[in-house]
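Visitor: Taking this note's numbering as reference, the numbering of the sequence shown is continuous, increasing by one, and the terminal residue is 414.
Check the hints yourself; a few may be wrong.
Dumping the calculated SDA-like pairs for lysine to any residue here, alpha-carbon to alpha-carbon at most 25 Å [claimed, not checked]:
1. K350 x Q232
2. K350 x E374
3. K331 x D281
4. K165 x N305
5. K301 x E287
6. K229 x N199
7. K152 x K165
8. K194 x L239
These are computed hints drawn from the structure, not numbers from a lab.
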Amino acid sequence: MKKQNANIQGLRRLAVVLTASAMAVSSPMTAFAAAKNSPNDQSYQPPEAPAPDYKKDISPEFAYTQDKWAALKDNVMEYGELADLIHEYNPTVRSNRYTYNDQKNQDLTDVYDELMDDARDAWDAAGEFDTDTYMGRLSSAQMDFSGNSLAKLADNNYMDSEMYKIQYDQTEANLVFQAQQLMVTYEQSGYTMKNLEANRSLAQANYEAVQAQQSVGMATEVNVLTAQKSVQDIDTSILSTQKSIDNVHRNLCLMLGWSADAQPDIRPVPQADLDRIAVLDPAADKEEALANNYDIKYYQKKLENVSTNELRSATQASIDDARNTVENNLKVQYNAILDARDALEAANIKLQLETVNMNTVNAKAATGNASQLEVISQQTAFTTARNAVETSKLSLLLAMEKYDWIKKGLTFQS
């Protein structure tokens, strides 16, 4: 009876410990260690980013050469500088780096050890009850539950500074790829605008031709209004496209450290290296991609930090899933590159055809055998074909960049 009373008192004492431990884990002091199930967890909210300060460098002066610093600080936006501009001036990256400097000085080991010590005490106490009686079995089960709960609380503190570093590096890599996408989109939008302007000239010429036809009784008022509406519709599309271009421009500026209304000199993106396609091999690149993958590194580190079988099994499953995703990403993106290359080849053939047609129409126009409307129509077709080649080149570049980012550690949802 004395032993039973002592065990009941121990149960009450451990219940208090459990409650106190739970409060400790959820307190602001240890909030940074709260469980985040993956580096892609959409519920993760980083600290509020400081206002971007384009002129304030975050790296020491010796991080780059003087020429490199000068290039980063000029008013020119170049594709090859995107990674360094994100690293130095992106507000999210700067915020994460400041936060990490605080996190890497904090140690979760003490919190984890204390919780696991309490868990082991609970498990030990569970074995001291007389399981031949109903109360003994009940008390033992309660103590075992308390121990498991404490162990889970300990495991919920698996986020150490190294795991945060992996998350922050992944965020920075994603931002660089997003900047590349935006810069390519900005250039592609310019070609879209050229197509719209060419089509607007054609629609205007057609509208004027229909008006002339109406004046001699060869077109109705409905024909004129229809032609006029075509011009208005294109004007609407031009305004919408310009708004999209302005939004991309603004987002690029904010991402890279300029103010929202800045007007940097945005240079053209480079050409895709077509020769590289022949040597791309998803099977050969798999090991490099797996070794660099942020998700896998994150889960592997988490596996080292957790102890309960439940979390270890779940984390190992996450590792296996991440590995499968990497392999699938490489195959899918390789095929996307081949599709983009084929689209470029088709665009080049189309341009060759429209070039021949353009020469033919010009020759007919020189002899008075082609109307102005025919010439403008063919010029529009030629302009559209030429711009399609340029946008196809940009799409191929982005497809190849995405493949390279998979090799460097990023994964993408299909």
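Visitor: All hints, please: hold or fail.
Guide: Verification of the hints:
The hinted pair formed by K350 and Q232 fails the criterion: a straight-line CA distance of about 29 Å is larger than 25 Å. Under the criterion of a C-alpha separation no larger than 25 Å, the hint pairing K350 with E374 is consistent with the structure, at around 19 Å. Using a Cα cut-off of 25 Å, the hinted pair K331 and D281 holds, with the two alpha carbons roughly 9 Å apart. Between K165 and N305 the CA atoms are separated by roughly 15 Å; this keeps the pair inside 25 Å, and the hint holds.
Between K301 and E287, the direct Cα distance comes to roughly 19 Å. Compliance with the 25 Å bound is thereby established for this hinted pair. Of the pairs offered as hints, the one joining K229 and N199 holds, with about 13 Å between alpha carbons and a cut-off of 25 Å not exceeded. Distance check on the hinted pair: K152 and K165 sit about 23 Å apart at the alpha-carbon level, within 25 Å; holds. Annotation: proposed proximity of K194 to L239 holds, straight-line Cα distance about 13 Å (limit 25 Å).
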